[in-house]
Amino acid sequence: MKVKEKKWIRVRIYLVAIFFLLGLGTVLARAYQLQILERAHLRSIARQGYVGVIKLPPQRGTIYEREGHELALSVEVASVYAHPKRIEKKGITAKKLAKALGENPDSVLKLLNRRRSFVWIKRRIPPGRARKVMALGLQGVGVTKETRRFYPGKEIAAHLIGFVGTDNQGLEGLERKYDEILRGSQYSLIQMRDALGRLFSVSRPIPSGHRMHDLRLTIDKDIQYKAQQALKAAVERCGAKAGHCIVVDPMTGEILAMAVVPEFNPNSFLDYKPYQWRNRAITDCYEPGSTMKVFLLAASLEENVVSPLTRFDCEQGMCQVADHVIRDTHRYGLLSVSEIVVRSSNIGAVKIAQRLGYERLYDYLKKFGFGQKTGVELIGERSGFVRPPDRAGPVDRATVAFGQGMTATSLQLAMAMAAIANGGRLMRPYVVSSIVDESGKVVDKTYPKFVRRVVSAQTAAKVSRILEGVVGEGGTGPQASIRGFRVAGKTGTAQKVDPRTRTYSNTKHVATFVGYVPADRPKLVILVMIDEPKGIPYGGVVAGPVFREVGQWSLNYLRVSPQIRMAEGLEAGKENVTQRTPKPSARAVKRSTRSKLHVKMGLLPDFSGLGMREVLCKGKSLGLKVVPKGTGLAVHQEPRPGSPLRNMTKVIVRFRPPTYQNTEAMSQGSMGKEDAAGRLAQRN
Amino acid sequence: MALKQSETGGYDYFILVPVIALVGLGLVLVYSASSHSAALRIGDSYFYLKRQALFCLIGLGGMIMAKNIPCAVYSKLVYPLLVASVVLLVLLFVPGFGHKVGGASRWLKVGAFSFQPSELAKFSLVVYMAYSMSKKGSNMEVFSTGVLPHLLVAGVFMLLMILQPDLGTALIIGCWLLIVLFVGGVRLRHLLGLILLSGPIVLWLVWRVDYRLKRWWAFINPWDDPRGIGFQIVHSFLAFGSGGVFGAGLGNSKQKLFYLPEAHTDFVFSVAGEELGFLGVSIIIILFGFLIVRGIKVALGSRELYSSYLALGLTCMLGLQVLVNMGVVMGLLPTKGLTLPFFSYGGSSLVLNLLGIGILLNISSRA
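Protein chains in written order, with our numbering: chain R, 1 to 684; chain B, 1 to 367.
One should not assume that every hint holds.
Selected chain B positions facing chain R (Cβ under 7 Å, derived; list incomplete) [claimed, not checked]: (1) Tyr11; (2) Leu163; (3) Cys175; (4) Ile285; (5) Leu323.
Using 30 Å as the maximum straight-line C-alpha spacing, the simulated DSBU-like pairs for lysine-lysine come out as follows [said to hold, decoys possible]: (6) Lys145/R - Lys85/R; (7) Lys154/R - Lys366/R; (8) Lys7/R - Lys214/B; (9) Lys534/R - Lys273/R; (10) Lys273/R - Lys496/R; (11) Lys7/R - Lys136/B; (12) Lys7/R - Lys135/B; (13) Lys508/R - Lys534/R; (14) Lys629/R - Lys154/R; (15) Lys336/B - Lys6/R; (16) Lys214/B - Lys6/R; (17) Lys177/R - Lys366/R; (18) Lys85/R - Lys110/R; (19) Lys76/B - Lys6/R; (20) Lys214/B - Lys136/B; (21) Lys154/R - Lys85/R; (22) Lys177/R - Lys241/R; (23) Lys90/R - Lys145/R.
Keep in mind that the hints were calculated from the coordinates and are not lab data. Predicted model, so just to flag it, every value in this text is computed and none were measured. All C-beta atoms, glycine included, are put in the ideal place defined by N, C-alpha and C.
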């Protein structure tokens, strides 16, 4: 009998064939689903499953200061690891390892007996020991190079640089901000595990494609050191809570130094409290106080609402604004605008501000960079606060004139002052000058960035002239004067708000001095801020000496040649410390002394501010032919004061009547306007 | 008939070519799947390849021999074969003979090799059923003659297998028996009755044993516990998924690196999926499909009922194992310890499968 002859058998066999074809079809469809539709999903899960990566701490780029000295570098150290599951004779291995490492064999054996695929036997060992271990050639034991971060300058620029954690990850400061860039090749061991968790494949350390970069900063380690040392001494001297000192190049916005006290050592950062790590110069906002009068002055001059000679009644030290009484430290009557700034009269400032109008003042403060971040490449920068006109009451509108009712960071204040110093241009501050790759090629270079023009060069020059008076006789900050250089600056003594009573404290102050030197071609803007000094709180007294110390040292270090009024600076400085309000007679005496000193040294004296008769007499006595030009008081002379008298035969002296229209011309002279203003003040 | 051939005629290339292709591919995959673990555990990465190649040669020899032996010979050997199978299956329970692997005694140790009696049992059952059903003719419609004796013989085998324990093979035999009885002319209500009766037994068998229940849950939702009970199947999925369309390339499977348990035996198809991709998987499925269709065609074209049933029985046994193994590795069926014919490492399976192909070739050549 044949199958063919039974029809029902044939049908049943066909059905069986169909069953198998359907079955295989289902399997094929399932394969399509798994391998094509769910492919990406399954593949990613698979990778996670079998690949285990042990990352070794990566190398890290070096941070250099501007001269190429290292501020943060990585020191290579060796570390010994083992794969316990790949070691057969654990006892012998442990004994040999322990001998090479100078360890206890039992503790090594304990590590090798751990049920793990990877253990560190000993980390960060000297290279000699590492070579010994490698010479043993033990199975399942390896040596890898690790790096350890080292800050050779210890406290130097610690707040700026920050520090790294145990696995070399940036935790604070530039180390954190530039973590990605500094971080070098990440070496990893790729290991695969089987279903029972056993390790069956461990690769050699594989570098990632990432490239390591070095940072070059604008910081000068010597200036930074000087700033830190001087600031620390001052903070200790007056028992203050904290302090900042910032040194900036006003032309470029480069930060040359940024010192913060209290200091910390990043090599052992864990010994300090987190608040000590904070870079207060950018993270702390405070009411800046009288230093703000500089920007009020600049705004008012730029808007032409006052001239340096415009006079205001300072109401004998008391003035009512709405329900608030504003006081001055001294009682003044009529003061010119320059005197208001030089002597730091709050009432005068309020009156200037009232004439300017709060809206315009607010606009200028914004233009000077207040109330917004400076854009410096540091983390944690705060923006400070200036009250917008629509939310400012009458008292707020008045007090901002002397820096109350608004907040700023030290860096903002320094950069705003830099804008006055460089002729009215606000610059973006920066600390990283370039990023360099491993081959030494510059990958990214920071160029000075001009943010905006705030005031005209003429206005800035006028302000500068007035600010020079602050460190002179009769100013609030003679302690900041520097021998041989013309200094412009402003003091600030702000009361702090007591958090408990919510009113201004009479005992807690912020003392500041911010200024630049040399005043006519500024090289350095220096800000000094001292938080809660005990005793005399005045910015000039507390912060001024730090400015002088840092400025003097830095100018010498940078080989900026002194201007010639060396003797005068010395004299003025000394006298002002002891005698804060010199009498007119004293001024006259001083002037003659100064001239005599110049003559004694064989140098041309400064004629500015003198009448034509006096100039002609003096010139005659020196054996010089005086060529007078114009009338009034001397404003300019050629050759300039301080030039050697030898081989000099004639001097051209320009005279101008002391009027408002001529302020600008006067301001080009060396001491003209200040003296003129002084005279006007004396007459009142 | 597609090919008219003489009594001692040539080979049916529609069977021979796919088989050679599958066996060749199987050898490569066994090597790829086993080399890592063999190198690590045995110290010779070629260990499984060498042995499988040897089995392959024996199997091909057996195939050529079977091709040339008239298939009527087997009908005379039916009872000795059955007895030998039962004896060997019982021997597994005798201490000293059974070779336990993972809690189950499925192998008899013979020198350096081990033999799997269930493979012989399947073969003897195929021969027995062909012989018995062709002899009974129209009596197949009667329960006492058509169903009962076959059920008893197969039942003894299945029982011995369940005791090993090897529920998978027992269930394969059960399904195979239903298909063969269906073709043999058993009444549909008898078959239905059988299915209804065996259902609760299977359920009870699954319920009774903890790991079978777990496997069931792993089948229902493998992703619930991918590190525990779902481990095998999840890694099989991952292997298939990693393969994609074109595969990772021969030798590049990651899942075979100890992730897939039994990568060179039960889960060799997952390695194929990862290394050869959807393309390779489709080709293997199509080759098997071709072989099955061809085997059924041989059964249809055979001159006598006995050889027809023999061809059908062999084809169905092969086809069922292929379907179940593929279904398991792709998560369509609960996990069973079943091998993929021609692919999975294992001498007994390969040799007896090739022997079966030889018989198919013989029947084809005499059609």
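Each hint, compared with the structure:
| no. | hint | verdict |
| --- | --- | --- |
| 1 | Tyr11 | 22 Å, violated |
| 2 | Leu163 | 29 Å, violated |
| 3 | Cys175 | 10 Å, violated |
| 4 | Ile285 | 5 Å, holds |
| 5 | Leu323 | 4 Å, holds |
| 6 | Lys145/R - Lys85/R | 22 Å, holds |
| 7 | Lys154/R - Lys366/R | 37 Å, violated |
| 8 | Lys7/R - Lys214/B | 45 Å, violated |
| 9 | Lys534/R - Lys273/R | 24 Å, holds |
| 10 | Lys273/R - Lys496/R | 24 Å, holds |
| 11 | Lys7/R - Lys136/B | 18 Å, holds |
| 12 | Lys7/R - Lys135/B | 18 Å, holds |
| 13 | Lys508/R - Lys534/R | 8 Å, holds |
| 14 | Lys629/R - Lys154/R | 60 Å, violated |
| 15 | Lys336/B - Lys6/R | 37 Å, violated |
| 16 | Lys214/B - Lys6/R | 46 Å, violated |
| 17 | Lys177/R - Lys366/R | 27 Å, holds |
| 18 | Lys85/R - Lys110/R | 13 Å, holds |
| 19 | Lys76/B - Lys6/R | 25 Å, holds |
| 20 | Lys214/B - Lys136/B | 43 Å, violated |
| 21 | Lys154/R - Lys85/R | 42 Å, violated |
| 22 | Lys177/R - Lys241/R | 28 Å, holds |
| 23 | Lys90/R - Lys145/R | 24 Å, holds |
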